[in-house]
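Student: The chain contents come next:
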Amino acid sequence: MLRPLRLTWLFFRIGALNDLQYRANFWLQILQSAIQLGTGLAVLGLIFSQTPALNGWTQPELLAVMAVHILMGGVIGALIQPSMDRLRQDIREGTFDFVLTKPEDVQVVSSIREIRIWQAVDVVVGLVVLGFAVSQLERALGPLEALAFAIALVLGGLMIYSFWLIVTTVAFWIVRIDEIAELFQGLYQSGRWPVTIYPEWLRTSLTFLIPIAFAVTVPAQALTGRLTLDTLALAGGFAIVVLVLSRAFFRIGLRRYSGASS
Amino acid sequence: MSASAAHAPVPASPPAPPRLVSPLRGLFDVYVAEARIAIAEQIQYRAANYMYMLGMVAEPVIYLVVWSTVAAQQGGSVAGFTAGSFAAYYIVWTLVRNINIVFTPYGWENRIREGRLSAQLLHPLFPIVEDLGFFLGWKPVVVVLWLPIAAFLSLVFQPVFTVTPLGVVVFAFSLLGAYLIRSLNQSSLGLITFWTTRVGPIFQLYIAAELLLSGRLVPMALMPQWVQNVANFLPFQWTFGFPIEALVGNLSTEQLLGGLAMQLFWIVFGSILVRVVWHFAIRRYSAVAG
Chain H
0 MLRPLRLTWL FFRIGALNDL QYRANFWLQI LQSAIQLGTG LAVLGLIFSQ
50 TPALNGWTQP ELLAVMAVHI LMGGVIGALI QPSMDRLRQD IREGTFDFVL
100 TKPEDVQVVS SIREIRIWQA VDVVVGLVVL GFAVSQLERA LGPLEALAFA
150 IALVLGGLMI YSFWLIVTTV AFWIVRIDEI AELFQGLYQS GRWPVTIYPE
200 WLRTSLTFLI PIAFAVTVPA QALTGRLTLD TLALAGGFAI VVLVLSRAFF
250 RIGLRRYSGA SS
Chain U
0 MSASAAHAPV PASPPAPPRL VSPLRGLFDV YVAEARIAIA EQIQYRAANY
50 MYMLGMVAEP VIYLVVWSTV AAQQGGSVAG FTAGSFAAYY IVWTLVRNIN
100 IVFTPYGWEN RIREGRLSAQ LLHPLFPIVE DLGFFLGWKP VVVVLWLPIA
150 AFLSLVFQPV FTVTPLGVVV FAFSLLGAYL IRSLNQSSLG LITFWTTRVG
200 PIFQLYIAAE LLLSGRLVPM ALMPQWVQNV ANFLPFQWTF GFPIEALVGN
250 LSTEQLLGGL AMQLFWIVFG SILVRVVWHF AIRRYSAVAG
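So the sequence lines, in the order shown, correspond to chains H and U.
Each step along the first sequence adds one to the number in numbering that gives the first Met the number 0, with nothing skipped, and position 233 is 232.
Each step along the second sequence adds one to the number in numbering that gives the first Met the number 0, with nothing skipped, and position 53 is 52.
Worth flagging that the hints you see were computed from the coordinates, not collected in a lab.
Since we're looking at a predicted model, the values are computed, not measured.
Please note that a few of the clues may not be correct.
[As the list claims (entries may be wrong)] Distance ranges between label pairs, derived from CB positions:
{"no.": "1", "chain 1": "U", "residue 1": "Gly199", "chain 2": "H", "residue 2": "Thr7", "range": "24 to 32 Å"}
{"no.": "2", "chain 1": "H", "residue 1": "Pro3", "chain 2": "U", "residue 2": "Ser76", "range": "49 to 57 Å"}
{"no.": "3", "chain 1": "H", "residue 1": "Gln58", "chain 2": "U", "residue 2": "Ala220", "range": "49 to 57 Å"}
{"no.": "4", "chain 1": "H", "residue 1": "Pro3", "chain 2": "U", "residue 2": "Ala220", "range": "30 to 38 Å"}
{"no.": "5", "chain 1": "H", "residue 1": "Ala41", "chain 2": "U", "residue 2": "Gly74", "range": "46 to 54 Å"}
{"no.": "6", "chain 1": "H", "residue 1": "Val105", "chain 2": "U", "residue 2": "Arg112", "range": "27 to 35 Å"}
{"no.": "7", "chain 1": "U", "residue 1": "Tyr105", "chain 2": "H", "residue 2": "Val169", "range": "19 to 27 Å"}
{"no.": "8", "chain 1": "U", "residue 1": "Ala149", "chain 2": "H", "residue 2": "Asp96", "range": "43 to 51 Å"}
{"no.": "9", "chain 1": "H", "residue 1": "Leu208", "chain 2": "U", "residue 2": "Ala220", "range": "29 to 37 Å"}
Even glycine gets a Cβ: it sits at the ideal position worked out from N, Cα and C.
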């Protein structure tokens, strides 16, 4: 159990050092995050110029949803997506051989090989906006709610990771799936709003097909006193199911792999 | 090979002189050829195209749901828009957005950073002509793929709208206008990569401005008055808001024709701009073994 964690930490350090060489990227990322935040705030302002609350969510509450969305987006961009992009590319080009020859768990190595440290700027931005939003909430945040928030956030991250792994594993069968990244980016934008505003079929898809609801809305529910124990238990159960499922699927996909003398 | 040819070798005939066509006809042929290449290429990648389109459809569906919710809370309508008219607006949006896909500044960034422009410079053609033709050819494929999406969205969100014959004609022309304005502006923006290979932040700023000032995010009528005033001095609203409203926005004849005239103005402006920028930009180009 300790070994994958040590390996993760090692790869994290290598990746961070590698990325830290390109310091100009930090400023570019800051600018990019600022544009994103500015646009998001403008949209919120526009909506609340027309209505006092959106489906029962007040302005600070929706700001909290947006903050969690930015935060989780930073985690995905920094930790999850880079390795998955690399995995997809390696499968297509046959360079996946180099991972297979390593004496470590293939899934672990595939999932931690690459990070983009500057994307973590969004994590910081998300936390700052979150702090502001929480201070604006009418009811104070209790320690129990904060704990539930942290748990929900970790579970959400794990589910998004499993989703990415399943989708990337498809590359063992279908070679050109680069547009998956675009598709996910598009769908992820739906998390900017509480999924409860979407029609039933869409809400279900955004919960169980692509776990955006668990990744963003559920943590935000914890912050705003909307989370029930049932939902949190469901999140925990579903996280275990998709983690196991994605691992099994990855192993099946692995059998399909054949490198062509890379 | 026929018997006579084998016995009596004919003297090699001189190569046929190149067929001379008028420059305009030649340019037209180039557009047709580029378009056919694009069609052939994009049909191969149907699945990839579909994934791309589905990702893009998420954006208007989100706006649509959010604004329908607002409308429902405000007693059925916001600034004259009901859930049904929002649905009509955002479903037409998906077509306009697809028509609006053009060669991005990121494409220019790659092209210049990797030195691939060298080969293109050898063609006796302005490179932007090739981009225009290629992306135009992509559109028929896109429209065919779009039809089922539009049908599905219409079933789910029940759009309410009335169209006039003039509106339909103006809409068709305005799509071409929107495509040209957006292509020309993004090409000018892409040419910035001759100076810096990091066009990303500039492009994102441009997209953010477009999002807020074009009717892409919300119909312009929902924007504060000062934003609408600013938008009147910029090309953005003629690439999103105008085409959409030409079809489903109940515009007057005056507004419809005036809009086309504004599009024409921005096309001329964009053409001149891209020529001027190109004039200065190309002097900075150098490549190593492109």
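Student: Starting from the hint 19 to 27 Å, judge whether the C-beta atoms of Tyr105/U and Val169/H obey it.
Tutor: 25 Å, holds
Student: For the hint 29 to 37 Å, verify it against the beta carbon of Leu208/H and that of Ala220/U.
Tutor: 35 Å, holds
Student: Please test the hint of 27 to 35 Å on the beta carbon pair from Val105/H and Arg112/U.
Tutor: 34 Å, holds
Student: A range of 24 to 32 Å was offered for this pair. Does it hold for the Cβ distance of Gly199/U and Thr7/H?
Tutor: 29 Å, holds
Student: Could you see if the CB distance from Pro3/H to Ala220/U stays within 30 to 38 Å?
Tutor: With a Cβ separation near 55 Å, Pro3/H and Ala220/U fall outside 30 to 38 Å, so the hint is violated.
Student: If you check the beta carbons of Ala149/U and Asp96/H, does the distance land in 43 to 51 Å?
Tutor: Roughly 45 Å apart at Cβ, these two residues keep to the hinted range, so it holds.
Student: Is the hinted range of 46 to 54 Å satisfied by the C-beta distance from Ala41/H to Gly74/U?
Tutor: 25 Å, violated
Student: Could you see if the CB distance from Pro3/H to Ser76/U stays within 49 to 57 Å?
Tutor: At 56 Å between Cβs, range holds.
Student: Do the Cβ positions of Gln58/H and Ala220/U conform to the proposed distance bound of 49 to 57 Å?
Tutor: Taking Cβ atoms as reference, Gln58/H and Ala220/U lie about 23 Å apart, which means the hint is violated.
Hints 3, 4 and 5, counting from the list given before, are not met by this structure.
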